[in-house]
Each structure stands twice: as C-alpha cells, then as structure tokens.
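Protein chains in written order, with our numbering: chain A, 99 to 349; chain B, 3 to 296; chain C, 91 to 525.
Keep in mind that a hint or two might mislead.
Simulated crosslink set (DSSO-like; lysine-lysine; CA at most 30 Å straight-line) [what the hints assert, rightly or not]: (1) K519/C <-> K143/B; (2) K191/A <-> K260/A; (3) K105/B <-> K519/C; (4) K175/B <-> K285/B; (5) K137/B <-> K116/C; (6) K157/A <-> K141/A; (7) K127/C <-> K137/B; (8) K116/C <-> K205/C; (9) K120/B <-> K175/B; (10) K127/C <-> K116/C; (11) K173/C <-> K114/C; (12) K116/C <-> K177/C; (13) K340/C <-> K121/B; (14) K143/B <-> K105/B; (15) K242/A <-> K230/B; (16) K260/A <-> K242/A; (17) K403/C <-> K120/B; (18) K137/B <-> K174/B; (19) K143/B <-> K403/C; (20) K120/B <-> K234/C; (21) K285/B <-> K191/A; (22) K189/C <-> K127/C; (23) K143/B <-> K121/B; (24) K120/B <-> K174/B; (25) K183/B <-> K121/B; (26) K105/B <-> K340/C; (27) K519/C <-> K127/C; (28) K174/B <-> K143/B.
No lab work stands behind these hints: they were computed from the structure. If you're wondering where the values come from, they're calculated on a predicted model, not measured in any experiment.
Take a look at the letters that make up each chain.
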Amino acid sequence: MQQPTEGHTVVRYDGELNGLHLLMLEMGSLVLDQVRTSLTALKNEDLVAARQVLIREHKVDDLEIKADDEIVSVIARRGPVARDLRIVMAFSKTITDLERVGDEAARIASIIEEMYETDRSHPSGQLMRDVHLMGALVTHMLEKALGIIDGLNADDAEEIAKGQVELDAEFRSSLRRLTTFVLEDARNVGHAIYITLIIKALERIGDHSRNLAEYVVYLMSGDDIRHQLRQLQPETGPDDTNDFDDRNEAF
Amino acid sequence: METIDESEVSEINDAGVTDPVKVGHTAMVDRDNRTTIGEILVDNPRMSCRDVNVYYGDNHAIHDVSLDIGRNEVIAMIGPSGCGKSTFLRCLNRMNDTIDICKVTGTITLDDEDINSKKIDVVPLRAQVSMVFQKPNPFPKSIYENVAFGPRIHGLANNKTELDEIVVTSLKKAGLWDEVKDRMDQPGTGLSGGQQQRLCIARTIAVGPEVILMDEPCSALDPIATAKIEDLIDELRQQYTICIVTHSMQQAARVSQRTAYFHLGDLIEVGDTNTIFTNPRHKLTEDYITGRFG
Amino acid sequence: MSNTASKSGNKARTIDIVYAGLRKRKAAERRFQLYGKLAIGLGLLFLSLLFGSIVANGYTAFVQTYMQIEVYIDPDRIDPEGKREVKELSRADYGGLVKATLRDMFPEVQSRREKRQLYRLVSTGASYQIREQVLQNPDLIGQKISLWVPADDEIDMLMKGHIDRKSAEEDRRVKDNQIAWVDRLLSEGRIEKRFNTIFFTAGDSRDPELAGIWGAASGSFFTLIVTLLLSFPIGVAAAVYLEEFAPRNKFTDLIEVNINNLAAVPSIVFGLLGLAVFINFFGMPRSAPIVGGLVLTLMTLPTIIIASRAALKSVPPSIREAALGIGASPMQTVIYHVLPLAMPGMLTGTIIGMAQALGESAPLLMIGMVAFIVDIPQGAFDPSTVLPVQIYLWADSPERAFVERTSAAIMVLLGFLITMNALAVMLRKRFERRW
C-alpha cells in the first residue's frame, strides 16, 4: 500500500489522511467482496449468498458515513490545500462511488432473490451467458481500480479506460441479443427484464470503477481527465453522455 | 484570471488528449529546479520587474526575480520566513534605500518608467507606490492629522476645505469614517489595532497612490479585524493595484488573484491563486502550502 | 508532604525536593534584598550627612545681626557749604557720622583703644546705607534718623553663639567691653537678628556681613544662557544629522568615538582650551560669562549629543517608515515626526547637561572667572563669577562668618540643581512615549 501523504510538519495531519486512505481501502475491499459474492450467487443461483449481500449492505453504508465524518473533520480543522485538498476531494468522491458500487451489488442480489425465489422457470444458460461475461469484466475492472487506489499509481488507469470501452460494447451487444431472445420467444420477457436490470447494474459498476481511477489520476497529477477519457469512448448514446455523474443511476 | 500559464497548461492538455493516463507525475517540478514556474507576464502590466537582484552587503538576498504586476489585481507573495518576499516588496517603492548596505539591480518599471534608476526621485515614487506596514503605525497625532499628513506634504490640497474632503474620502474608502467621524481630533494611537491599520490604509490612500504595498498587514490583528482588512482589500482592488506579503496562506488564498511563491530568494512559482492552491506545479510550492516545512 | 514522599517509595517526588530546598532559597532571596537595602541605606546616610552638615553650617547665614542706631545727619560734616550737590554728598564722610552716633550712644567710652573697639561694633556697610538714604532724600540732612544697620561679622558671630564668651579674652576676637555693649543694646532691644537680604541681593565683598551671592548667581545665569543658546541647537543638529542622515562609515564611526571621548575629557582641559583660543587668540574679555558660556558649551555638547541621539534612537523606526512609505522626504519625516517624539528626551539631556554646567568650576578658573568682583554683572560681557567659583572663593576666606555663607551658597546651588533635575524628570514623565 502506498501512503498518500507524509512529511507534514503536523504529523497528526499525515495520520489523518493516511487513516482516511485505509478506511477507503477497507470499504473498497468490502464492496469488491459484495460484487463478487452477488455474481457468484447469480452463477450458483445461491439465494443464501444473495441475502448475505443484502445484509452486509449496511456495513458499506456505515463505512461511508464514518468516512464522510472524517473528511468533514479534516476539512474543518486542517484546511487542506493543493495535494492535500485533492486527496480529500478524491477520497470523498471515491467513497461516494464505492458506496454506489455497493448499492449496485445489493441491487443485483435483490434481483437474484426475485428471480430465483419464485417457482417460475429459471432463465436459460444462454440468456445468462452475457451476464457472466460482463460480470467477469466488471470484477476485473473494479479489482484494477482498487489496486490503483491502493498503490496510488495512475499508470494503470489506461487499462480501466479500455475495459470501460469494452464493457460498453458488451452492454450494447447484450441488449441486442436480449431483444433477439425476446423476439424469438415472448416467454423470455420476464427474464429479459431482470437480466437487463442486472447488466445495467454491471455497466454502472464499470462506470464507477472508471471514476475511481480518474479520481486517483486527479489526486496524483491535479489534472481532471474525466472529459479526456470520455473522448476515448466510441460513439455513445445520449443517455451515456452524462452518466459519470450518476444522475441516471435509477435507469 | 487571464494570467494562467497558457503554455504550461496547453502542454498538459496535449499530453492529456493523446495519452491521458500518462499525465500523472510528469507535472510536478523537482525541488532543485529554481527557475520560475508559471506565467510571470500579464497583459498591460502596472509594474514589471526584470532580473531583480538584491544584495545586503555580501548576502545575495534575491536572485533574478522577474514578475509582472497587473492592473487592479491583488498579488500575494508568500513563502517561508527569510525568503525575500518582504525585501522584494520593498524594492517596488525603493524602501530598501533606507538600508545603507542594500543594493538592488535589475529593472523595475512603473508604467514603463524605470523606478530603480538612480535618476528617479523616491519622493514622488512613494506617493505613487505607497506602503502599509506589518504593525499598525499611526503617527502619535490626531486621526485627522494622520490622514492629512500625506496630502499636506505633497501639496495635494489648496485649502482647508479640499484637505478636509481628501481626509473624509480616504477614511470612507478605508471603511473607517463611520467609526471615527465623531473623534477626528483624538489621537490615532487610541484606536483599536484593526482600526489603526485601517487608519494607516486611509493615510496611504490619501496620497492617491496607484499601487499599494502591504507588508503582512494583518499579522498583528485578531480574526475579525483581519476579515475587515481583507474585505477592504477586495474593495480597494477596484481602484488600486495591491501587492500583499503575507504569512497566512489562507489569507493569500482569500484575497489575491495571483500568488507568487518565494523560496530562499528565488521566485519559485507564480500563478493564478486557484491553481497555486489546488494544483501547484512546483514541489517546493506544494510542500510549503501544504505545511511540510517553513 | 513527607507522607506522600514515603508513600511513593524511595524515589522522591520533585515537589518534595523543591520544598526541602525552599527555606534555603528564601533565605538567599532575603539576603540578596538586604544587600540592596544596605547599599541604598549607606547612600542615603552619606547624603544626609552631607546635606545635614551643609544645612547645619549654613542655615544661620540666612539671618544677620542688625543694630538700631539714631544718626544725626550733621550738615556740618556732610555738606558744610550747603550746596546739596550730589558729587559733594557722595564723597562726604559718612563713617564719621556713624562713629559720632556710636560715641553718643556710649558716652562713657573715652580711651582711643576702647573707641576703636566701639567703632568695630558696626559694619562699614552702615556708612554706605546712610549715604544711600541721604542721596535719595537730601532733605534728611539736619535731621535725626533711626536706622537698622548690619552689625560687624564678629558681633554677628557672637550673637549666633559661634564665639565662646567663657574663653580667655585674648583668645577671642570680641573683647569683654564689646560683649558688655552688645548685652546692653540687647537689653534695650536695639540689636536683633533679621532676615539676611544682603546675602541674596549683594555682590561679593571682603566683609562677610556685606557679601552676597547675587553677583555670582547673575554670572551663572548669563553663562548658562550663553551655554544653552549655543549647545542646544548645535547639539541637536549634530545628533539629528549623525542619527538620521549620516552614512554609516569609518569616518562617522570616528566622530562617534570622539564625541564619546569628549564627554570623558576632564573639564579643566576645556578651560585651558578656552583660555588659549577664546581669550588669547580671539581676544575676548577675561572673566566674562560669554567666554564661560563658550567653554561650558564645549563641555556640554557631548552630553547633549549623546542624550539626543539616544532619544532619536528610541523613536520607533515604524514611525519613520510610515512617513517615508507615503512619500515624505527624510527631512519632513524628521521635522514632523521624529523630532517631536524625541524632543522630551533631548530636553531632558539638555537640562542634565545644563545642570552639569551650572555646577562646573574648574574650567572657569582658567578663564579668570575666579576674580574678586564686587559689581553685579549686567550682561554677558561684564566680568563676573559663578556660583561654584564663589563657593570656592568663600571657602578660602579666613573669616569665621564666611563658613556659614559658603554653606548657604552651596544650599542655593543645590536648590537650583534640584529644581533643574526635577524639571528634567517632569518633562520625561509628561511626554514619555505617547505612541
């Protein structure tokens, strides 16, 4: 783990910022676990695991509140500037994004509950294939993003940007395929809706992962590269243009 | 705001567009690099300094400082103690002349006139570029006399009525009129610290300067008085150019549009205050403003 | 405390160690204060001894024995031709009148020796007093007037108890019959001690009963005026230049060292300088306050310059910066702001310098101000003496009556010095640091 800061004349200040970093990493690993668990639950049709995700969601919320408190206190007492200010700002945003990743994981878990609890037929493996593919991709992106946060090394941010492009393409083709399935057999409609919700959630997690990487780039260099990264993406639909600020989270 | 270092930023932008993720660490300038980072030039400057060096005897106090000071801007000079910021400020109205062993080289122009030339008379110069000091130092005379002294010695008023008017206007501009209008004949030293400092600012305004130099004007004041002075500085910016030396980085961030960071006699970094305080380019600047030394 | 110490084990607490040493510390403190008090007490003792002896010796000089005589202004003696001319009148034999009066008062005195002793009862000043009256009012001629005239200094001493009546007659300067006459006059109420106005109004004299300090005081006054008029402007100007304008270099350092040296030069050297330069070279009058003032100026200048520079230094630089910062020229800065603030200090220094000058005698001896001068000087060019020199002269005189006059003159001089120093303190208190 890379210490975000050292060498302040006020040593406690270093301690506070580094503590914040640790808290963020703790939250990150918890959220990553949530995503993994919910994806595993989806694969194994494991309702117990899905419920566990839902129960642990509170822990994520608690961590968010705790981190927010500490950030407010650092701002109020230390008046951070320059890199310190960027650290605090980046951490604050990171925490928000992580919490939302946690939310998406919980959303997937609750969809799993709904999907597999009823006596209706379960979706076919063919339908689920895209979901698992995207899940793997998203998990990898999230792991990578957390690695960047841990190491405070923005060099790998490129990979995440690429993953985001891939994920986006995947999302689009999945939607197309789902449409085909629904056209082929109208009974697939119910499953298709659930699956759409799940892949949208996965797409969101990918977005958040990209944001996390961007915050680290901002923290390290002071450059806000959010818009520049967007330029790398292929043509996007209108609803994607502003989704990094999560306004369309509700879908 | 217009003074953001275009070349610097565009370079980063170019890099960002082609290869955004490589931006990371290349931006920070190493500690050992002592060339000035940031844009020292402004459009249509009020004062501009080129290659200013100051020596106190054998001690080389300021090394090759070049800096423009724009019109109607507040430029803050920050840096650790002994970094030369006050010395540099005192070059701008030749206050260093009062120190025998002090030698200033380089050109300093005020509206295209070289004020560092020996031919320049410092008396009219100091009427144009006036100074407010660290400790409030009203003359031990009445409030009226404090403000009237400058106009009187420069012959700015032809009669008592005109002088009265200058005094009242100056006190109003300094935001002190309402507090002292009933006791103009009482000693200026009887005012509170913040009022004294505003009286000193009024005294400075009364000579009709173009540039006001302030050497840590709030370091002896409490937070409320400081806030009043800072508010006043913001008001005065409409009419004057203000150079302020301050030990308080928060103050520099609050009042100034541009900030210059000095370190051991070098001008390390100049730039838009927002940039300096969110994303300084030089490691020394960052270390100083984040409280890592000094 | 000892309880706590035992409880806390073998390691004593700091507070116990502190308490243990406290008694010793307090004793040391008291001792230290005692030394200071002793030093001050000793100083006060010597001071009171000095003042006590001066006052004890001198207070009697403020009264003088006067005798009442009835003088018949005999026209035959004064103005035998009856012309009433001032010239004639002032040359007339008033001493004879006094002697005749004394003979009338004591008709039993017959022998020449006794008569001489009788005449010595009254001061020679008596005849001057009668002449004065007659010249003022010639109508008195032919009348009998009653006058209080000063008694001779020996009689004065007798009256003041400085002559022991019991000692052998040949050991006394006042003889038995003189004592008898004085006792008779005393019983008649014709001899008494009155306030000694002569002492404060007259110039010097060989006769103690006619000697006064007014001549010396006037001389001192003129000398000090000359000193003040010269040394204050010169001193202040020098101090202002050196402190505010002069560049700091070896030359000004040299000047500073020399000024400090001058302050320590023995004053007699200044007297020699004055003698050589002002009197011998420029040919200025001897014994004149103008020369005394010049010499004392030389002596006082270093004091004033040093005090003025200190006063200028104590003006905070922020005041100068404030004025310079808004474009005042260095001269305006000094005139408007620095000088007014430094003035109390400068005045204090000047007064102290003046007080020194007032008490100075050695350099004035060299320029002839030690001469015996009866006339009261009317200006700075008249020959005169000064108070300290007068004290020196009287202290040298053999007459017993000059002892008390010396002390009285010292008291007057001390009075002036105390007044001047009090003024300096008051000025300082009044105008001290109003910034």
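Which of the stated hints cannot be reconciled with the structure, identified by number in ascending sequence? 3, 4, 5, 7, 8, 9, 11, 12, 14, 15, 20, 22, 23, 24, 25
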